[in-house]
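The whole structure should be built from the sequences, with the hints applied where relevant.
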Amino acid sequence: MDFDLENPLGNFHDLPCDAVPSLFLIESDHIPPPNYCQSFKASDFDISVRRDVVSLISQLSCTFDPVLPYLAINYLDRFLAHQGILQPKPWANKLLAISCFSLAAKMLKTEYSATDVQVLMNHGDGGAIFEAQTIQRMEGIVLGALQWRMRSITPFSFIPFFVNLFRLKDPALRQVLKDGASEIILKSQREIKVLEFKPSTVAASALLYASHELFPFQYPCFLRAISDCSYINKETVVQCYNVIHDITREEYESVLNINSTSDTPVNVLDEHFLSLESEKTNGTNVVTQEQDFKRRKTTDYGNNRTVPFSHFHQC
Amino acid sequence: MLTLREKYYDFDQISSKVFKCRRDDQFFTMKIVSILNEENQANNGVPYWIIREISILKELDHINIVRLIDVMTDGPDLFLVFEYLDNEFQADFLKNPKMFMYPQMKKEFLYQILNTVAYLHARKILLRDLRPENILVNVRTQVLKIALFGAARTFEAPLEAYSSSVGCLSYRSPEVLFQFGCEKYSTPNDVWAVGCIFGEMLLHRPLFSGPSDVELLDEIFTLLGTPTEETWPGVTSICGTCALMGPPQQPKDLAKEFPMLNPDGLDLLSKMLCLCPNYRISAEDAVKHPYFKGV
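These protein sequence lines are chains A and B, in that order.
Numbering of the first sequence is given in the numbering used here, commencing with residue 1 and proceeding in unit increments.
Numbering of the second sequence is given in the numbering used here, commencing with residue 1001 and proceeding in unit increments.
Because the hints were derived from the structure by calculation, they are not lab data.
Remember, predicted model here, so these are calculated numbers, not experimental data.
Every residue, glycine too, gets a C-beta built ideally from N, C-alpha and C.
One thing to keep in mind: the hints can contain errors.
[Stated by the list, open to error] Subject to a maximum C-alpha distance of 20 Å in a straight line, what follows is the list of computed SDA-like cross-link-like pairs (lysine to any residue):
no., chain 1, residue 1, chain 2, residue 2
1, B, 1058, A, 108
2, B, 1058, A, 32
3, B, 1007, B, 1027
4, B, 1058, A, 24
5, B, 1058, A, 147
6, A, 109, B, 1058
7, B, 1058, A, 149
8, B, 1007, A, 147
9, B, 1252, B, 1294
10, B, 1058, A, 29
11, B, 1007, A, 109
12, B, 1058, B, 1106
13, A, 89, A, 26
14, B, 1058, A, 141
15, B, 1058, A, 28
16, B, 1106, B, 1064
17, A, 169, A, 216
18, A, 109, B, 1126
19, A, 109, B, 1048
20, A, 109, B, 1079
21, A, 109, B, 1064
22, A, 178, A, 70
23, B, 1007, A, 141
24, A, 109, B, 1115
25, B, 1288, B, 1119
26, B, 1058, A, 216
27, B, 1007, A, 140
28, B, 1058, A, 140
29, B, 1007, A, 145
30, B, 1007, B, 1079
31, B, 1058, A, 47
32, B, 1058, A, 89
33, B, 1058, A, 26
34, B, 1058, A, 145
35, B, 1058, A, 33
[Unchecked claim] Across the chosen pairs, the derived CB separations fall in these ranges:
no., chain 1, residue 1, chain 2, residue 2, range
36, B, 1209, A, 39, 55 to 63 Å
37, B, 1255, A, 179, 47 to 55 Å
38, B, 1011, A, 113, 38 to 46 Å
39, B, 1009, A, 164, 47 to 55 Å
40, A, 144, B, 1024, 20 to 28 Å
Dropping the structure here:
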């Protein structure tokens, strides 16, 4: 038996329509339970512990396919949801980070050097080297907590499906859109609040956000395609889009040290939904045109609706 | 957390690493998998192929798949707890004489196999190595079970070999045989395997049995004709070495090769054994084929 974890839908471009529901139906089995976010919000310490382990995993994974750290962090969240808060010990955080990374690498059949992992984890301090047996035991604990269900359905699984709905014909443009959405998905995973949404919702919202940035003139068409998808709850996508928007803006502004404004006009997604409704009332059709790929420029950074998406790489 | 012996009891050995055991009034089959050996030491822990296989099994909940119910670890060993199949389930179902007495039973079992494959494909899971040895049947209740990851009681091959691409070639599709060693399997390969099993049900012998990829391809093309760019667009770039194609052959008349089969059955068989993977019928469409009307 086998499966393509990175792109389970991508291998089946001729996928029959009624086969798609399966991924949508089972995706909730591979994310932390709904109360996971609430339990974190109750404690700043818990949030800082998660961020610490997430940061360690990111260090370990910076030279690998982005799906790997995403999967490892998914294991972390599912493990924390099952086991509760970690002991406040730096070595325990490192051991958990290594174990989640190692398990994700195995699921993806990715080769890695155990020695390099140890060196990375101990860079800058005199921390203990974990014996192979210790890592193995920790892996066993994580596997047991997750009931050995390691094939997590991630937002990446849904990107090809949604991109196909957009009907972009140019392969280069499709790839640009996929890359943009993937980057957004990776960034947003670091924030707890995104975990409230299902992977398919995160994928749809990330693609809409990326398409608004990269293909503004075609954006209304993409929005309609997502809205028409029967497996997606439109209101939830709006909420998730807003969360992604806030996360992306926060990161952008933190880099530029710009103070955020509490004066928030109508959110861009709400605005487009409203305009879509009015267009339907008028009976007019949206005219779409092929546009050369070009990022929009803006000098009005204070206006939420025109904050450009920035590409900052973690590694 | 209950230990192994606290949770299960009344162990009864079935084979070297397979036990029947009990919890309350339910029986289970427990299989021991050792994860410590020369190769595994280098991997620092549970090998990836075991994690991947178990991950898949843990998600499956289908009447025709032997269920993996529990996984426990004890030192260097893994204990896989499967649903128990009593003696009424016979392994290697194609050798069961009752299979040949009741034609309707063949159709029923074929339908169950295809239904299972469709279920797996809907979850983006590929079987890759479906063959009669992994299928058990209860002819009284007419329930079939596919045993995965060595879940079959009589399955004795080493697990390491099971997870590799080495294995029985008779049920491999032409596109896989052309690229032997390549890891790019896909759903049509599983459907081809079901087609071979269907043919084997009818003929009482394997449809193709050559010991090598070259000989197998020759047998396939002898029956179904040598593929051309017309019948299989892109085949020239896939087959690589022209020697694998052999001299051009015309397809045989399937109606004469399978005289016991009605027109609907012939249609389904020909679509499952379509040489071009893109044109081959999907498991999902196959279960809806008119041949299964009334099942």
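Right, here's what the structure says about each hint:
With a C-alpha separation of about 18 Å, the suggested pair residue 1058 (chain B) and residue 108 (chain A) falls inside the 20 Å cut-off, and the hint holds. A C-alpha spacing of about 17 Å is found between residue 1058 (chain B) and residue 32 (chain A), which places the hinted pair at or below 20 Å, so the restraint holds. The straight-line distance between the Cα atoms of residue 1007 (chain B) and residue 1027 (chain B) is roughly 12 Å, inside the 20 Å bound, and the hint therefore holds. This hinted pair checks out: residue 1058 (chain B) and residue 24 (chain A) have alpha carbons roughly 18 Å apart, not beyond 20 Å.
Proximity of residue 1058 (chain B) to residue 147 (chain A) is assessed by CA-CA distance (about 8 Å); at most 20 Å being required, the pair is judged to hold. For the suggested pair residue 109 (chain A) and residue 1058 (chain B), the alpha carbons sit about 19 Å apart, so the restraint of at most 20 Å is met. With a C-alpha separation of about 6 Å, the suggested pair residue 1058 (chain B) and residue 149 (chain A) falls inside the 20 Å cut-off, and the hint holds. Restraint check for residue 1007 (chain B) and residue 147 (chain A): satisfied, since their Cα atoms lie roughly 16 Å apart, inside the 20 Å limit.
Straight-line distance between C-alpha atoms of residue 1252 (chain B) and residue 1294 (chain B) comes to about 30 Å, which puts the hinted pair past the 20 Å bound. With a CA separation close to 11 Å, the supplied pair residue 1058 (chain B) and residue 29 (chain A) stays within the 20 Å bound. Our distance criterion of 20 Å between C-alpha atoms is broken by residue 1007 (chain B) and residue 109 (chain A), whose separation comes to about 33 Å. Note on residue 1058 (chain B) and residue 1106 (chain B): the hinted pairing is violated, with a Cα-Cα distance of about 29 Å set against a maximum of 20 Å.
Between residue 89 (chain A) and residue 26 (chain A) the CA atoms are separated by roughly 35 Å; this puts the pair beyond 20 Å, and the hint is violated. The hinted pair formed by residue 1058 (chain B) and residue 141 (chain A) meets the criterion: a straight-line CA distance of about 17 Å does not exceed 20 Å. This hinted pair checks out: residue 1058 (chain B) and residue 28 (chain A) have alpha carbons roughly 15 Å apart, not beyond 20 Å. Proposed proximity of residue 1106 (chain B) and residue 1064 (chain B) is supported: the alpha carbons are some 15 Å apart, at most 20 Å.
In summary, the hint linking residue 169 (chain A) to residue 216 (chain A) is supported, as the alpha carbons are separated by about 16 Å, within the 20 Å threshold. Only pairs whose Cα atoms come within 20 Å are accepted, and residue 109 (chain A) paired with residue 1126 (chain B) is accepted, the gap being roughly 16 Å. A distance of roughly 7 Å separates the Cα atoms of residue 109 (chain A) and residue 1048 (chain B); the hinted pair therefore holds under the 20 Å criterion. With a C-alpha separation of about 23 Å, the suggested pairing of residue 109 (chain A) with residue 1079 (chain B) is violated against the 20 Å cut-off.
The hinted pair formed by residue 109 (chain A) and residue 1064 (chain B) fails the criterion: a straight-line CA distance of about 29 Å is larger than 20 Å. A distance of roughly 16 Å separates the Cα atoms of residue 178 (chain A) and residue 70 (chain A); the hinted pair therefore holds under the 20 Å criterion. This hinted pair checks out: residue 1007 (chain B) and residue 141 (chain A) have alpha carbons roughly 18 Å apart, not beyond 20 Å. Between residue 109 (chain A) and residue 1115 (chain B) the CA atoms are separated by roughly 29 Å; this puts the pair beyond 20 Å, and the hint is violated.
In summary, the hint linking residue 1288 (chain B) to residue 1119 (chain B) is supported, as the alpha carbons are separated by about 13 Å, within the 20 Å threshold. In summary, the hint linking residue 1058 (chain B) to residue 216 (chain A) is not supported, as the alpha carbons are separated by about 43 Å, beyond the 20 Å threshold. With a C-alpha separation of about 18 Å, the suggested pair residue 1007 (chain B) and residue 140 (chain A) falls inside the 20 Å cut-off, and the hint holds. Taken as a hint, the residue 1058 (chain B) and residue 140 (chain A) pair is honoured in the structure, with Cα atoms around 16 Å apart against an allowance of 20 Å.
For a cut-off of 20 Å, the pair hint linking residue 1007 (chain B) to residue 145 (chain A) stands: about 17 Å separates their Cα positions. Between the alpha carbons of residue 1007 (chain B) and residue 1079 (chain B) the distance comes to roughly 12 Å, so the proposed pair stays at or under 20 Å and holds. Taking the CA atoms of residue 1058 (chain B) and residue 47 (chain A), the gap is about 31 Å. The hint is violated against a cut of 20 Å. Our distance criterion of 20 Å between C-alpha atoms is broken by residue 1058 (chain B) and residue 89 (chain A), whose separation comes to about 33 Å.
The straight-line distance between the Cα atoms of residue 1058 (chain B) and residue 26 (chain A) is roughly 13 Å, inside the 20 Å bound, and the hint therefore holds. In summary, the hint linking residue 1058 (chain B) to residue 145 (chain A) is supported, as the alpha carbons are separated by about 13 Å, within the 20 Å threshold. The suggested pairing of residue 1058 (chain B) with residue 33 (chain A) holds, with an alpha-carbon distance near 18 Å, which does not exceed 20 Å. Between residue 1209 (chain B) and residue 39 (chain A) the beta carbons are some 59 Å apart, a value that agrees with the proposed interval 55 to 63 Å.
Against the hinted window of 47 to 55 Å, the Cβ-Cβ separation of residue 1255 (chain B) and residue 179 (chain A) comes to about 53 Å, which satisfies the hint. Between residue 1011 (chain B) and residue 113 (chain A), the C-beta spacing of about 41 Å keeps the proposed range 38 to 46 Å intact. Checked against the hint of 47 to 55 Å, the pair residue 1009 (chain B) and residue 164 (chain A) passes, with Cβ atoms roughly 53 Å apart. In this structure the supplied range 20 to 28 Å holds for residue 144 (chain A) paired with residue 1024 (chain B), their Cβ-Cβ distance being about 22 Å.
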